[in-house]
Amino acid sequence: MTMKRPGTPAPPAARPPAAGATAPVQVSRWSTAATVTTACAAVAVVLLALAPYVIGTNLTQPMVTLFLLAAMASLWNLLAGYAGMISFGQQAYLGIGAYALYLLGRAGISPFAAIPLAAAAAAVAAAGIFLILRRLSGGYFAVASWVVAECLFLYVTTQGWLGGGTGVGLQQLSSMVPVVREADTYWTALAVLVLCAGGGYLLVRSRFGLDSRATGGEPVAAAAVGVEVQRTRRLAYVLAAAGFGAIGAMLIISGLYIDPASVFNINYSADMLFMVVIGGLGTIEGPLIGALILFAAQQVFAQYGAWYLVGIGALAIAVVLLAPAGLWGMVSGRRGWSLLPVGYRVRSHRRSP
Amino acid sequence: MTTLTVAGLDAGYRDFQALFGVSLDLAEGETVALIGANGAGKSTLLMTIAGALRPWRGRITLDGLDIAGLPDHHRARLGIAIVPEGRRLFPSLTAEENILVPTTGRGGPWSLDALYDLFPMVAARRSHRAGLLSGGEQQAVAIARALAANPRVLLMDEVSLGLAPAVVDGFYRLLPRIQQSGVCILLVEQDIDRALAASDRALCLLEGRVVMAGDSAGLDRDRLISAYFGAPSAPRSSATKTGPAPVPPDKPVPPGKPVPPGKRVPPARPVPPADPEVPR
Amino acid sequence: MTWLNDTLQGIFVGGGYALTAVGLSLMFGVMRLVNLAHGDLAVCATYLVTSMMAALGVPFLAALLLMLPLAFAAGAVLQLALFDRALRTGPLAPLLVTFGLSIMIQNLLQQTYSANVRGVPAGSIDVSAAHLGGLVLPGLSVLKLALALVVIGGLSAALRFTGWGRRVRATSDDVAIARLQGIRVRPLFATVTGIAIAAAALAGTLGAVTTGVYPTLGTLTLIFAFEAVVIGGLGSLWGTLLGGILIGVTQVLVSQVSVPYATLASQLLFLLVLVVRPEGLFGTGEAAGQATGAEA
Chain A
1 MTMKRPGTPA
11 PPAARPPAAG
21 ATAPVQVSRW
31 STAATVTTAC
41 AAVAVVLLAL
51 APYVIGTNLT
61 QPMVTLFLLA
71 AMASLWNLLA
81 GYAGMISFGQ
91 QAYLGIGAYA
101 LYLLGRAGIS
111 PFAAIPLAAA
121 AAAVAAAGIF
131 LILRRLSGGY
141 FAVASWVVAE
151 CLFLYVTTQG
161 WLGGGTGVGL
171 QQLSSMVPVV
181 READTYWTAL
191 AVLVLCAGGG
201 YLLVRSRFGL
211 DSRATGGEPV
221 AAAAVGVEVQ
231 RTRRLAYVLA
241 AAGFGAIGAM
251 LIISGLYIDP
261 ASVFNINYSA
271 DMLFMVVIGG
281 LGTIEGPLIG
291 ALILFAAQQV
301 FAQYGAWYLV
311 GIGALAIAVV
321 LLAPAGLWGM
331 VSGRRGWSLL
341 PVGYRVRSHR
351 RSP
Chain B
1 MTTLTVAGLD
11 AGYRDFQALF
21 GVSLDLAEGE
31 TVALIGANGA
41 GKSTLLMTIA
51 GALRPWRGRI
61 TLDGLDIAGL
71 PDHHRARLGI
81 AIVPEGRRLF
91 PSLTAEENIL
101 VPTTGRGGPW
111 SLDALYDLFP
121 MVAARRSHRA
131 GLLSGGEQQA
141 VAIARALAAN
151 PRVLLMDEVS
161 LGLAPAVVDG
171 FYRLLPRIQQ
181 SGVCILLVEQ
191 DIDRALAASD
201 RALCLLEGRV
211 VMAGDSAGLD
221 RDRLISAYFG
231 APSAPRSSAT
241 KTGPAPVPPD
251 KPVPPGKPVP
261 PGKRVPPARP
271 VPPADPEVPR
Chain C
1 MTWLNDTLQG
11 IFVGGGYALT
21 AVGLSLMFGV
31 MRLVNLAHGD
41 LAVCATYLVT
51 SMMAALGVPF
61 LAALLLMLPL
71 AFAAGAVLQL
81 ALFDRALRTG
91 PLAPLLVTFG
101 LSIMIQNLLQ
111 QTYSANVRGV
121 PAGSIDVSAA
131 HLGGLVLPGL
141 SVLKLALALV
151 VIGGLSAALR
161 FTGWGRRVRA
171 TSDDVAIARL
181 QGIRVRPLFA
191 TVTGIAIAAA
201 ALAGTLGAVT
211 TGVYPTLGTL
221 TLIFAFEAVV
231 IGGLGSLWGT
241 LLGGILIGVT
251 QVLVSQVSVP
261 YATLASQLLF
271 LLVLVVRPEG
281 LFGTGEAAGQ
291 ATGAEA
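Residue numbers (the numbering used here), protein chains in the order written: chain A, 1 to 353; chain B, 1 to 280; chain C, 1 to 296.
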């Protein structure tokens with residue numbers, strides 16, 4: 001508020017470094033908090049991995065849902081929060097992954113081993129579909145990607161070899177011992193989450209991350225300073241699709257059955273939007289928090305039918321309009337926290353003489 | 001009788017302060033020229049008076065009424081009109097539609113016929129899309145559009161920008177007719193000679209502050225030019241020769257540029273938008 | 001002669017799509033706002049009509065006429081309460097807010113009216129039809145097409161010739177400068193959204209007479225309307241009419257060959273237009289910029 005008039009002595013930090021002195025400014029991409037967070041996350045993953053031995057498989061089933069929600073949120077955030085592409089059609093890749101796994105299973109490949117192949121199938125499909133979407137942005141991109149998912153849905157319902165509208169079951173897993181199957185499912189879901197969230201984090205910290213944030217913010221300006229906007233968008237889209245393919249494969253593994261109306265459902269996009277927006281768009285931590293909130297709401301309010309979705313929708317609207325940075329943004333923005341920094345921090349690092 | 005008073009005005013964009021305690025007043029029918037280099041804060045001052053920017057501090061009164069807190073469309077209805085920098089016509093509307101846009105409900109001398117009489121070249125092109133008009137024609141439409149609101153105060157921001165000198169001469173020849181209608185004019189002009197010739201009084205802005213003011217006829221030109229450039233002492237003789245507008249050096253401090261020692265960008269402060277403003 | 005009649009029926013179907021789409025096109029063109037709750041608001045209005053008929057005991061047309069001012073008011077209130085703020089918040093906010101609204105409406109309707117399909121008893125308009133040689137002219141379809149022509153024609157004329165239309169176009173060109181001309185943008189946008197929602201409500205209710213209404217119907221309504229807008233080209237109301245008709249004709253003609261592929265065919269037509277000509281068949285360069293995010 002108060003402006004320092006010329007003549008007021010400038011504080012030391014603003015003064016340029018004296019010639020010959022060691023640079024008093026340190027640029028860092030890491031922080032103590034990040035070290036602690038990473039360590040905590042590693043411990044948490046180990047503890048979660050041990051959970052089936054401790055709590056039994058009764059509770060692992062809902063945990064699988066949570067893991068998959070969090071993975072979806074991380075990936076959707078990669079698209080919307082960093083690359084500026086709001087898509088309401090990512091359920092297309094859930095479906096592709098699920099049906100690819102079904103087909104691979106029929107070909108005799110073990111479902112758990114087939115997950116990477118299902119992810120690859122989704123990525124290949126995404127590379128093709130991106131040719132349709134590549135020039136679009138904003139509402140056009142959002143609705144066009146949705147229409148693509150609708151097309152896949154309509155196509156699958158007409159195809160007898162894909163089970164038509166009634167869907168397909170995963171025969172091989174039905175014969176497994178349930179406890180083993182559920183534990184395997186749990187560990188795989190955890191692995192998918194770690195890969196999606198961790199991979200997303202590493203991606204955002206890479207050169208790609210800078211490019212995609214530039215692309216998402218100001219595509220024209222980003223192009224002007226040499227960012228290959230199209231390549232960045234395509235890479236984000238294809239990598240996210242691979243992740244969604246893996247999640248889709250997990251949907252059929254955990255449910256043993258899939259039908260087109262549920263796997264190609266726009267509600268998946270609604271969930272993703274709610275988690276990311278409420279947690280904090282464009283942050284690494286936000287989608288995970290959003291997933292916890294949505295999961296808790298589903299567990300607590302499920303008995304009230306669809307009312308919880310009405311409430312979550314209202315909450316999402318309120319967050320967008322009143323606190324666009326989301327819950328995590330509110331906390332971190334006020335305190336300057338970042339548990340997992342993605343940017344470059346410049347810190348004054350003046351040694352006493 | 002003072003029509004417009006600006007007192008102790010601070011204003012800017014987000015965390016960049018562009019105006020520092022600017023004060024001025026405009027009497028009924030008076031024309032005041034605002035002189036200064038690029039980035040001195042001239043356009044910011046005009047936009048703040050018009051209401052596109054909300055002042056951080058200070059008063060703006062029109063006919064004794066404090067308008068600093070009023071939204072821009074309300075100020076337009078009270079009689080403030082602006083010819084914005086770069087004309088900013090509505091490109092998809094015809095010339096005539098542009099002139100018919102102001103909806104201030106104010107009566108006065110500037111009917112459509114009177115405006116066509118002032119600018120016959122606009123009358124000839126009235127049904128052409130504004131986006132397809134020449135620069136001079138567009139400027140004429142922009143002035144006509146501002147006058148169509150029958151304002152008390154006319155803010156004119158660099159009407160000569162990008163136009164041939166002969167075209168600009170044409171506009172300045174029309175200025176007395178506009179002044180006769182009783183409107184007072186705050187004129188931003190890069191060309192010092194033109195500005196002094198067309199105005200009753202002149203103000204010089206430097207880095208957001210009024211550094212010089214006086215009657216246009218009595219202002220010392222050399223001092224004015226050193227004020228314009230912010231030169232510390234003696235005027236440079238090379239810049240004092242009469243003729244076309246001196247080219248000002250690019251010396252403002254835009255946001256994001258390193259701040260010279262001893263001068264700091266103020267801390268981020270939330271600046272409420274002037275009024276619900278809908279970006280596109 | 002059959003294919004001629006099929007084409008005619010397709011034009012009628014497309015007239016309905018266009019009547020829904022015209023509001024979307026208007027809001028898109030004026031405010032650059034893609035209202036993803038557009039179809040759901042139309043479905044809301046349809047439920048409101050059935051409720052009013054049941055509660056007040058009034059016939060279909062009376063309930064329809066009573067509903068229209070309410071739809072206008074709802075649109076205006078939404079604009080003032082939500083959309084204005086969303087437009088100011090950033091480029092992604094309108095999409096997020098209207099999508100959130102869409103999910104809210106669908107689940108509210110499901111909780112209030114159940115997920116079942118509900119018929120809309122329209123009485124005699126539903127069944128009347130005229131025959132002209134081999135051509136069938138169903139009364140309701142003719143009415144929808146006629147209303148589409150009247151609404152689009154009326155709106156185009158109002159935008160072109162009235163002071164309101166001039167202010168709308170000026171604001172669409174440059175909001176900041178429009179405000180400096182004394183235009184009060186918020187009420188102006190509220191009227192635009194009010195008109196858009198009222199038109200959608202009219203189209204949705206008339207459409208539901210043939211298909212019935214259910215809570216998630218709005219999703220498909222939105223998609224067809226959006227496709228009509230994009231195929232026709234942003235900023236062209238007549239283009240939207242032609243876009244709607246193209247979708248309708250495609251659907252009806254394909255359904256003669258294979259019903260399951262009818263919707264798929266119109267979706268593929270839309271994707272084809274996006275790939276080949278994202279600015280639409282009658283769009284401008286500005287529309288292309290809107291589609292691709294580049295500056296026009």
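No lab work stands behind these hints, which were simulated from the structure alone.
Because the structure is a prediction, the values reported are computed rather than measured.
All residues carry an ideal CB built from backbone N, CA and C; glycine is no exception.
Misleading hints may appear alongside valid ones.
Covered stretches of chain A, as calculated for chain C (at least 3 residues, CB under 8 Å) [what the hints assert, rightly or not]:
#: 1; stretch: 138-149
#: 2; stretch: 164-178
#: 3; stretch: 270-281
#: 4; stretch: 299-309
Here are the computed distance ranges between Cβ atoms for each label pair [as the list claims (entries may be wrong)]:
#: 5; chain 1: A; residue 1: G199; chain 2: B; residue 2: G230; range: 53 to 61 Å
#: 6; chain 1: C; residue 1: A73; chain 2: A; residue 2: V331; range: 36 to 44 Å
#: 7; chain 1: A; residue 1: W307; chain 2: C; residue 2: G163; range: 40 to 48 Å
#: 8; chain 1: B; residue 1: L161; chain 2: A; residue 2: W307; range: 55 to 63 Å
#: 9; chain 1: C; residue 1: G163; chain 2: B; residue 2: G135; range: 24 to 32 Å
Results for each hint:
Check result for the stretch 138-149 of chain A against chain C: holds, 9 residues qualifying (beta carbon to beta carbon below 8 Å, three or more required). Requiring three or more residues with a Cβ within less than 8 Å of a Cβ of chain C, the coverage given for the stretch 164-178 of chain A is violated, as only 0 such residues are present. Interface restraint, the stretch 270-281 of chain A with chain C: holds (5 residues with C-beta to C-beta distance below 8 Å; minimum three). For a cut-off of 8 Å, the count of residues in the stretch 299-309 of chain A with a CB near a CB of chain C stands at 4, and the three-residue condition holds.
Judged by the Cβ atoms, the range 53 to 61 Å given for G199(A) and G230(B) holds: they are separated by roughly 54 Å. Under the hint 36 to 44 Å, the C-beta atoms of A73(C) and V331(A), about 39 Å apart, fit the expected range. For the hinted restraint 40 to 48 Å between W307(A) and G163(C), the CB-CB distance of approximately 45 Å keeps it satisfied. As the Cβ distance of L161(B) to W307(A) is approximately 59 Å, the hint placing it in 55 to 63 Å holds.
Hint check: G163(C) to G135(B), Cβ distance near 28 Å, so the stated range 24 to 32 Å holds.
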